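With chain A fixed as given, assemble chain B onto it according to the hints.
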Amino acid sequence: MGELFQVGMGDYKLAKPPDKLITAGLGSCIGICLLDPKSRIACMSHIMLPCSPNDKKYGNPGKYADTAIIAALDAMKRMGADTDHLVAKIAGGAQMFRFSGNSSIFKIGERNAIAVEENLEKNKIRLLNKDIGGNVGRTIIFDPANGELSIRTIKEGEKVI
Amino acid sequence: MIGVNILKEGWDRISQAQLDVLREVANIGAGNAANSLATMLKSKIQISVPRAKIMPFADVPDFMGGAEAHAVAIYFHVGGLVQASILLVMPVEKAAQLVEMLLGSCNASLTGSFSDFEYSALMELGNILSSTYLNALSTFTKMSFKPSPPALAIDMVGSILNTILCQYGEVSEMALVMETGFKKDKVDVMGNIFLLPEPDTMDNIFTSLGVIV
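So the protein sequences, as listed, match chains A and B. Taking our numbering as reference, the numbering of the first sequence is continuous, increasing by one, and the terminal residue is 161. Taking our numbering as reference, the numbering of the second sequence is continuous, increasing by one, and the terminal residue is 213.
Just the calculated beta-carbon pair ranges, DEER-fashion:
(1) 124/A <-> 103/B: 55 to 61 Å
(2) 208/B <-> 2/A: 51 to 57 Å
(3) 82/A <-> 51/B: 45 to 51 Å
(4) 156/A <-> 51/B: 32 to 38 Å
(5) 111/B <-> 85/A: 48 to 54 Å
(6) 149/B <-> 77/A: 47 to 53 Å
(7) 129/A <-> 43/B: 50 to 56 Å
(8) 158/A <-> 188/B: 25 to 31 Å
(9) 70/A <-> 113/B: 41 to 47 Å
When the alpha-carbon atoms are kept at most 30 Å apart in a straight line, the in silico DSSO-like pairs for lysine-lysine are as follows:
(10) 13/A <-> 38/A
(11) 107/A <-> 146/B
(12) 94/B <-> 155/A
(13) 183/B <-> 42/B
(14) 155/A <-> 13/A
(15) 124/A <-> 38/A
(16) 159/A <-> 94/B
(17) 77/A <-> 13/A
(18) 124/A <-> 107/A
(19) 94/B <-> 42/B
(20) 107/A <-> 94/B
(21) 38/A <-> 130/A
Quick caveat, the hints were computed from the structure, so don't treat them as lab data. All of these numbers come straight from a predicted model, not from anything done at the bench. We treat Cβ as the ideally placed atom computed from N, Cα and C, and that holds for glycine.
Here chain A stands alone, though its shape is the one from the complex (with noise of 0.2 Å):
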């Protein structure tokens, strides 16, 4: 039995077969599973904002998706991956309130997508699967061993991509 570790708001964590890694309630958020499928090695971010501000002072890199990448790629390079064909699987980027009015911070899920898939690109990243937007909160769980994403919302019940 492996273990489960857990991914905190603006983290990001490694995990090997056959453990498995967690993010709890995922809003806006989006959290983006990395995949080296030949040693299986993964990582998740649960990135808070689409792109870091020119000042470094807030310096976590998993906050942001393009820092994020970047560091998860360094990440597991250095945990010995092939970072040159990685896959990944994302979700989340959800609109959580209602009767919001145009707030932009209601929109923020919408520009964390549109910023992921752009830095997955970038970065030559394959992406396999996303599930991402709507209204709901989601829980998700990385399996490395079979690449299976996992997502439990309380709305629509649970899926796998």
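Chain B alone, transformed into the frame defined by chain A:
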């Protein structure tokens, strides 16, 4: 439960004395909110002594009952001299009970989903509680707070907090959360009220209260 979020890099320079001041501010706000809740429910409401804790963003959902807890959240953006967010979070069954107390019946207790009318009742409840809370703060700090119309979400606590906390992601990684419980006949009657001031706001509040930063 009342929360105050320190959003600047220097959150760790907040002294114990300043924490006490914030606790007192939260206490006054919660006392006022409890009063209006008592009027609406026509019963006595007790509040607990506020607790205060500084924690990373990632720990906030657990502090509020767990990332996957099913909750109703009512959100307000506060404008004016002080920019902040107010978030009321209550477990779905508490929200259904509240609606039942206010309207005499609740669709959600039977079917699991709220009717539009019940949504508006909850938002109105949120409106009244946050306004009375802000009123007390305003009297106490002599500053003005202007809340936006309410927005509502029903889902996992973590996913709702995500959306609120991410707007502060660029300026902080830690939050100071202060909580006060609302009880009726010794049973929790409502969830939590969180106040999340934006950067500089803490300094403004401290300055206005005459507490040296």
